[in-house]
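Protein chains in written order, with the working numbering: chain V, -4 to 198; chain C, 334 to 705; chain G, 777 to 938; chain W, 480 to 602; chain A, 15 to 117; chain B, 397 to 561; chain X, 2 to 368.
No lab work stands behind these hints, which were simulated from the structure alone. Beta carbons are placed, not taken as given, at the ideal position from N, Cα and C, and that holds for glycine. Errors might be hidden in some of the hints.
Claimed, not checked - Dumping the calculated DSSO-like pairs for lysine-lysine here, alpha-carbon to alpha-carbon at most 27 Å: (1) B:Lys457 with B:Lys471; (2) W:Lys595 with C:Lys427; (3) W:Lys512 with C:Lys649; (4) B:Lys457 with V:Lys184; (5) B:Lys471 with C:Lys649; (6) W:Lys517 with V:Lys184; (7) X:Lys176 with W:Lys595; (8) B:Lys545 with B:Lys420; (9) X:Lys234 with B:Lys457; (10) X:Lys229 with X:Lys51; (11) W:Lys517 with C:Lys649; (12) B:Lys448 with B:Lys471; (13) W:Lys596 with C:Lys649; (14) W:Lys597 with V:Lys184; (15) B:Lys457 with X:Lys176; (16) W:Lys596 with X:Lys86; (17) X:Lys279 with B:Lys457; (18) W:Lys517 with V:Lys188; (19) X:Lys287 with B:Lys420; (20) B:Lys471 with B:Lys542; (21) B:Lys448 with B:Lys481; (22) V:Lys24 with X:Lys51; (23) X:Lys86 with X:Lys203; (24) B:Lys545 with X:Lys86; (25) X:Lys86 with W:Lys597; (26) B:Lys514 with V:Lys185.
Claimed, not checked - Examples of chain C residues lying across from chain W (beta carbon under 7 Å, computed): (27) Glu418; (28) Val439; (29) Ala457; (30) Val501; (31) Ile505; (32) Val508; (33) Val515; (34) Met677; (35) Pro679; (36) Val682.
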Amino acid sequence: MEIENIDIRYPLPGRELEIAEAHEIEALKERSQQPIPDPDEWLDEELRRNIVLTSVDAVINWAQRSSLWPVICFPACCAFELIASQASRFDLSRFGMEILRASPRQADLMITAGTLVWKMAPQVKRVYDQMAEPKWVIAMGSCGITGGIFRSSYNVVPGYNRIVPVDVYVPGCPPRPEALLYGIMTLHKKISKRSITEMDSKR
Amino acid sequence: MVLNPGLGMEYHWQALPPDWPGNFWWHWLAFSVIILAFVLGLVMGFIWLERRGIGRFQIRLGPNRTGPFGLLQPIADAVKVLLKENIVPAAADKIVHWLAPLVAFVPTLMIFAVVPFQDGALLADLNVGVLYIVAISSISTVGIFMAGWSSSNKYSLLAAMRDVATVVSYEIPVVLSLAGVVLLAGSLSLNQIVMAQDIPFILLQPLAFLLFFIAASAEINRTPFDLLEADSELVAGFHIEYSGMKFALFYLTEYAEALAVSAIIATLFLGGWRGPVLPPWLWFVGKVVAVFSVMFWIRSTLPRVRIDQLMALAWKFLLPLALINLVVTAVQVLAWPEASLWAMVPVNVAIMAALVVTWSRLLKLGGGRVEV
Amino acid sequence: MGLGIAFWALAVISVGAALTVVFLRDVFRAALALVLCFLTVAGIFITLSADFLAAAQVLIYVGAISILIIMTIMLTRGVRQGSPSGKLRVPALFTALLFFAAAAFAVLNTPWQIAGAPPQEPTTAALAGRLFGEGGFILAVEIAAVLLLAIILGAIVLVREK
Amino acid sequence: MLVNYGHIALFLAVAILFTLTTLLLPVTLRLLKVIPDKPNPAKQSTFECGMETIGKTWVQFNFRYYAYALVFLALDVLVVFLYPWAVNLRELGYYGLIGALILISIVVVGYLYAWKKKALEWK
Amino acid sequence: MPVGLNHYLVLSAILFSIGLYGALSKRNAVVILMSIEIMLNAVNIAMVAFSRFIVPALLTGQVFAIFIMVVAAAEVTIGLAIIIAVYRGRETIDVTNINLMKW
Amino acid sequence: MKFEHFGTGIIKGLAVTLRHLFRKPITTQYPEQKLTTSRRARGNELVWDITKCTACGTCAKACPQGVIRIVTSAKPVENRYVVEKFEVDTGYCIFCGLCVEACPFQSLLMGYSYERAKYRRHEVVHTNEMLLPSAKRPASGYMYPKLAKALPPQTLLIERDEVKG
Amino acid sequence: MALKTESFALNIGPLHPSTHGVFRMRAVLDGEVIANMEPVFGYLHRGIEKLAEERTYTGVIPLTDRLDYLASMSNNLAYVLAVEKLAEISAPERATYLRVILAELQRIASHLIAVGAFVNDCGAFFTPFLYMFREREKILDLFEMLSGQRLLYNYMRIGGFNQDIPDEFLPALQKFVSQMPGFIDEYDRLLAENEILLARTKGVGILPQDLAVNISASGPVLRASGVKWDIRKADPYCGYDRFEFDIPTGTAGDCYDRYRVRIEEMRQSLRIIEQAMKQLPSGAVKSTVPYLVRPPAGEAYAHIEAPKGELGFYLVSDNSIAPYRCHIRAPSLINLTALRDMTVGWKVADLIVIFGSIDITMGEVDR
Ligand code: SF4
Ligand code: SF4
Ligand code: SF4
């Protein structure tokens, strides 16, 4: 199979692409020196809602927590425990979560399964940004929470909460599938506390 | 109110009892809405069925926590998707982007206007029924193409191109394999084709059935021909940039198309609503579900073909066989018009087996790459 | 009256779509408008009781020709730069208007012999008789087949690489 | 017969109405502030595996199945002849059969030529 | 006024004129082809209308319309093939820039 | 291998999947049914016995991560330093068990349970009282065979999935 | 067709469903065909080699777990072998046999994932993958029984193991070994003759023998190209010379051969496990090793046949408690070198298949 007459060069030379990428990484590093605070301010407050709103909320929250479609974000080892929980033995699909969307537009949940390095950070951030609201993040594993065993490395982001707000932390290295499932159910509880009147704000 | 007084039209419908309440048009409007609801309900059911079914094929359970047996899962998905943010990429061709789901979904729904759900229970018994189905379904590929093109994403563009390739290759086998059925029934009207099936046409036209099944699954992009949304290659394919309800419409379209193909197969090859004991509509639904189950059984088993293999299959296998089938059927119809239908069954099955085997031997389709 | 409504609606849409095809700069959207135009023409066939023809129209024009056109658009450069009008715009407009005036004049001033008979129904079988039956257009059909053969050969010769 | 198409038009209207509703309901809900709407430049950029797109997003494509499409069109037209023939074959009899066979064989010659010339090959 | 033959003929004339204008004035070869398709469609409408209103029993107009479709298909196929061929050689489909004599 | 027969491979494959349709799903429905983890399970926490701990700091030194923070009283009481703060950041710990292996006084054990998901970052940091063993925080038998013996045997998929292929 | 269309650059990865992690390929496409392809690494560069320099020799073992996280046991083995070589420690006999058993179990587990993911890349809707995952779960159960963790075991120690195997381990292993061949046959029925899989993989992504040797590929990738090279035979460690097993090789070097070789290797691994189980002696599992290993200054290289190929650890010691330098020869990375040569001229779909057939783990590629 031969290729003739085809321009096999890149529209931009590879070097320029890499330089642009490096600038982006540096800029992101600069911006993410502090962890993003956990989106939890409203968690403990008790909402005063009337009955109609409550039942509407109940339906909506039920729907949203029953069909959390995770986006694909599988950087490292934890991914295989995530896949294991997708697999037959633990079967995330019981929760309606088997539809792994590769496109962030259609996903609701980001399970950060693995170590995040700075080179990857802009991509993960972009994917998070591209997810349609409402969206949630589960920081899975020590790497997701703090950078884990690699935290002292020069190249590892110390925790996903530097670049995206994290809703649930699931410790473990890697967390067992059950631990992840427990984390997901914790997230379900969090979603159940949402209210339609404040959907527009990040909660 | 009469549609065209000058032309002396008469209509015959047995669909509903004549004391159906209300004005004539309201009646048909209600019937349309009922069909729409029925179709949507079936589609929802299919989504549930497929997720559960594939789960069982994969020795797991599938959605079972949302409502009894997970039956409410599609509804939960629908509500959730409705409340998702709607993203339109800045670079997209916005008008086309918005129109695409509409163009893809509506024609698919329109197919059900001519499908008889039970004796006479169809919206319009068209004289050109089969041709109508074939024609109208070609519109929805335009919708998919629009989606792929307008998203201004290279992946979706690739998917759009694959869409064109599929249509170009599989339209002809679909149409030609249906022609065999038309030959036997001597009519294009779906209701009359059902009436003509004293024995299901799958027995009389096994080759046509096989070809149509393959070609139709390719045309609606079911696995193993799901190149448009091949998630291991093209991430999400043509709907990669779609979110919220627009995406849901594509998702629905996919299953509605599967439902449509199942319904067409049930009607044209399996004897439609005919069957003993049970009420006709139940027979119909049962057959449709059976065909669909075969579809997701295949989906849960087979890997995906590549685009050039996809086209080679259509052009070098399906198309010639469909033509041969057409000619053979025509000769049969003319030569033995009186022959008992049952006598033709083994003959036709034998012809099918012989043709398929020789042809695939001829092209060495079995081993290795499809080097034809 | 239903027929009247259908006709007017279809006519307006088809004229609008045709105008869009001609005046839109974005070629891709123009092609989509062309699809719409084809569809409405199929609708008009239906109002004329030519249902087989309508289905054929959708099958050939929407299902095949427009796909081919879209494909060519994708293949050739300048989707975005659009389809500018040439220098001949004003004379072309003039010619088109002139033609329309002449045609309309001719149409409106010819005393057509309208037959009162109802249209042939169903058309498919009757068409088959006309096309393939004895004393029909079978020769023309075969010539059409030769034409199809010719386009396959011609197109392949043209498209093939040198 | 025409009344049947009236029903189809009705169904078309219902279908379009339904689809439009589903498409526009989220828009309404967004105005009611039930659905969040927080556009940002990253969200509206193209998704390409997390990276920024290299070069233009609309490209001229080289697809290699142009010849297929041309043959397809010819065969599609053939189908339009074959369908009425198939419906009415019993009445047309052998005369119609032979006519159609000639028709098919002429077009098949073209198809075989295309095959022979490797136009049905993905190059 | 009930819809009659004249309506259809005038509609046909309108579409034909639009197509004619497009075919004459446009520079993009694909758009020209599209315009020609509109013209052929217009002719088809007239054909079928004649068939319907003047010889309703014979369907001659419809048969003709089928043949016109065949011709249209042929025209599109060859037209697009030529466009592709020209484009391959000259990288343009702007008819004003295509000087066939030089090609 | 011969590939003579067109379609037989596909049919064989379909038969395999069809046979699986009639097998029992191997799924464990987590919140209701739980797998028993290994007797040596390294759960997502540590269990620390304050009574045995001498604040020697061996565990902290053995930890490759430096997760364990021990603050003792400045002066020994009864010849012993009192641990004022014993802190394990489970968000940082990798549950490697090296600290358990190192502890000479058998006061540090791996936890047995794993359900420790939290909403807030600071909640995953375990300190003194949170580390003590209790009914909700059983210790696992990792490095402690005696403890392991007392724990229920592990659920094995191989026992459950008896069907031979 | 020599149409002057544009070729365009497309990012495949890092967040792509079938790049096995975060691999990125910058491809230049001409329509569907790959005109050029450039792998971009580093999206999971975690600095394992650097981190190893600041940890004690024992403390590095958890790090090696995370190298090829689908084959932690093999990584542990390679590392402890290197340290043992460096510090001139030898493990007791029982530990050696156990290591063989565990390494071979790990090979089966890793190949199960490799084949499953590969078929997934060919477009199968997860079913073969999940079947294989089921068997992998069984292996993980066994490992969990030993070490308490499902994925990253941290079970081997310098000079042996940290604890002996529990009593219930061997019966369970026996059961697994007797059941597994049936399952492998089932995979064969499901996949090996599937026409679509054949069409997708036969003759696709051929890696010629000389090229494979030139890029120093190893593991199934090399053997599929017909080179009979296996470190277990060529340079036996852990007493592999005491076992009888074959080295399956391919002939064509295409994706299908790589798939077959992996399936065959699983069978061979089972053979080895059976033999090792029979010969397993009793005794201690750990020789006496000081708490902090302090090898004499010097260097050592130990390599094993990991599931993905030759995994080597090169350690330099300066007689302190931490390695002075640790370099890892990662088979995934080196096998990837051939990717460009294998893919150019094929289609996007083939690119994914070829990539899947190499079987990499990003943790090992980027380290
Ligand atoms: S937390 Fe542990 S298992 Fe998860 S990615 Fe990090 S190192 Fe790997
Ligand atoms: S388990 Fe490992 S990481 Fe956690 S505290 Fe103990 S030694 Fe440190
Ligand atoms: S090693 Fe044991 S005794 Fe010493 S401080 Fe740690 S827990 Fe306490």
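The hints, checked one at a time:
1. B:Lys457 with B:Lys471: Satisfied, since the Cα-Cα distance of roughly 21 Å is no more than 27 Å.
2. W:Lys595 with C:Lys427: violated (44 Å)
3. W:Lys512 with C:Lys649: violated (55 Å)
4. B:Lys457 with V:Lys184: With a Cα-Cα distance of about 39 Å, the restraint between Lys457 of chain B and Lys184 of chain V is violated, given a limit of 27 Å.
5. B:Lys471 with C:Lys649: Judged against 27 Å, a Cα distance of about 90 Å means the pair is violated.
6. W:Lys517 with V:Lys184: The given pair, whose Cα atoms are some 25 Å apart, holds under the 27 Å limit.
7. X:Lys176 with W:Lys595: Violated, because 58 Å separates the two Cα atoms, which is more than 27 Å.
8. B:Lys545 with B:Lys420: violated (31 Å)
9. X:Lys234 with B:Lys457: violated (41 Å)
10. X:Lys229 with X:Lys51: violated (34 Å)
11. W:Lys517 with C:Lys649: violated (51 Å)
12. B:Lys448 with B:Lys471: At roughly 18 Å apart (the allowed maximum being 27 Å), Lys471 of chain B and Lys448 of chain B satisfy the hint.
13. W:Lys596 with C:Lys649: Measuring from Cα to Cα gives roughly 14 Å; hence the hint holds.
14. W:Lys597 with V:Lys184: violated (62 Å)
15. B:Lys457 with X:Lys176: violated (41 Å)
16. W:Lys596 with X:Lys86: Violated. Lys596 of chain W to Lys86 of chain X sits at ~66 Å, over the 27 Å cutoff.
17. X:Lys279 with B:Lys457: Answer violated: Lys279 of chain X to Lys457 of chain B is near 41 Å, above 27 Å.
18. W:Lys517 with V:Lys188: Holds - the C-alpha atoms of Lys188 of chain V and Lys517 of chain W are around 21 Å apart, at most 27 Å.
19. X:Lys287 with B:Lys420: violated (42 Å)
20. B:Lys471 with B:Lys542: The hint is violated at about 35 Å.
21. B:Lys448 with B:Lys481: holds (15 Å)
22. V:Lys24 with X:Lys51: Given pair Lys24 of chain V, Lys51 of chain X holds - Cα atoms ~21 Å apart, limit 27 Å.
23. X:Lys86 with X:Lys203: Cα-Cα ~43 Å, so violated.
24. B:Lys545 with X:Lys86: Distance ~36 Å between Lys545 of chain B and Lys86 of chain X Cα, so the pair is violated.
25. X:Lys86 with W:Lys597: violated (62 Å)
26. B:Lys514 with V:Lys185: holds (11 Å)
27. Glu418: Interface hint status for Glu418 of chain C: holds (5 Å vs cutoff 7 Å).
28. Val439: holds (5 Å)
29. Ala457: holds (4 Å)
30. Val501: Since chain W brings a Cβ to about 5 Å from Val501 of chain C, closer than 7 Å, the hint holds.
31. Ile505: holds (5 Å)
32. Val508: Cβ of Val508 of chain C sits 5 Å from chain W, so the hint holds.
33. Val515: Val515 of chain C check passes; min Cβ-Cβ to chain W is 4 Å, inside 7 Å.
34. Met677: At about 15 Å, which exceeds the 7 Å cut-off, the nearest Cβ of chain W leaves the hint on Met677 of chain C violated.
35. Pro679: Hint on Pro679 of chain C: violated, closest Cβ of chain W at ~23 Å, above 7 Å.
36. Val682: violated (22 Å)
When each numbered hint is compared with the structure, violations occur for hints 2, 3, 4, 5, 7, 8, 9, 10, 11, 14, 15, 16, 17, 19, 20, 23, 24, 25, 34, 35, 36.
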